[in-house]
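With chain A fixed as given, assemble chain B onto it according to the hints.
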Amino acid sequence: AQKVTQAQTEISVVEKEDVTLDCVYETRDTTYYLFWYKQPPSGELVFLIRRNSFDEQNEISGRYSWNFQKSTSSFNFTITASQVVDSAVYFCALSEAYEASGSRLTFGEGTQLTVNP
Amino acid sequence: ETGVTQTPRHLVMGMTNKKSLKCEQHLGHNAMYWYKQSAKKPLELMFVYNFKEQTENNSVPSRFSPECPNSSHLFLHLHTLQPEDSALYLCASSQDTRVVLGEQYFGPGTRLTVT
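Just so you know, the sequences run in chain order A and B.
Numbering (this note's numbering) for the first sequence: 32 to 148.
Numbering (this note's numbering) for the second sequence: 44 to 158.
Mixed in with the good hints there might be a few duds.
Straight-line C-alpha distance at most 25 Å; calculated BS3-like pairs for lysine-lysine [to be verified]: (1) K79/B - K62/B; (2) K95/B - K79/B; (3) K62/B - K34/A; (4) K101/A - K69/A; (5) K62/B - K95/B; (6) K101/A - K34/A; (7) K65/B - K95/B; (8) K47/A - K101/A; (9) K69/A - K84/B; (10) K47/A - K69/A; (11) K34/A - K79/B; (12) K69/A - K79/B; (13) K61/B - K95/B; (14) K69/A - K62/B; (15) K84/B - K65/B; (16) K61/B - K79/B; (17) K65/B - K34/A; (18) K95/B - K84/B; (19) K69/A - K83/B.
DEER-style ranges, computed between Cβ atoms [to be verified]: (20) R59/A - M58/B: 34 to 42 Å; (21) E90/A - T48/B: 40 to 48 Å; (22) E110/B - R94/A: 20 to 28 Å; (23) H120/B - E48/A: 28 to 36 Å; (24) T59/B - R94/A: 26 to 34 Å; (25) H116/B - Q100/A: 39 to 47 Å; (26) V116/A - N100/B: 15 to 23 Å.
What the hints contain is simulated information worked out from the structure, not anything from laboratory work.
In this text, a Cβ means the ideal position worked out from N, Cα and C, and glycines have one as well.
Looking at chain A on its own, in the form it has when it is part of the complex (with noise of 0.2 Å):
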């Protein structure tokens, strides 16, 4: 089965400071999908960022970038001089295709980002 473990719980980091947030995950599968969505305190979740298990390279989107690295099964998220609209909470999923399973995320705990001005 799989899982996803975010083991940071809470993060506090002070504006314009670096932050990586880090997601490790675990599948039978080989082929399979890794996401990170936001969540501000608003509660809706906002989709980030998709990552398909053949795709290794690393993507950067603005202050965003992310890390996957499939011989430590991990899928981390940077973000770049942060800023207090950051403040959220930040999911990394998975979903195994062998399910066809756009229906079956499995979502870490979350990890609690606040930025101090």
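Relative to the frame of chain A, chain B by itself:
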């Protein structure tokens, strides 16, 4: 309206009440989901519908009863709930559960408190 909307945003109900949560998506999707988010716990998938048909019931107690009259609307009927059912209930939609790359879009949730 755009995206996924949920009503009400907040609900307080007694254990003997009957209430319903509503979710509506304006994205032209065919799959809809109910999740439960409790404090300090990962999101728990409750139900999945694809083209109005229920495809997944994740061992949810019968006091939660979903209804999907069409691909745009999803309801969660609640009756005789327990205090431990207090949580944020999130609705999501995606293109089709058979589309593996289809990310899910979430609504803002209904914060439910059972007294």
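(Q) Please list, smallest to largest, the hint numbers that this structure does not respect. (A) 3, 8, 14, 17, 18, 21, 22, 23, 24, 26
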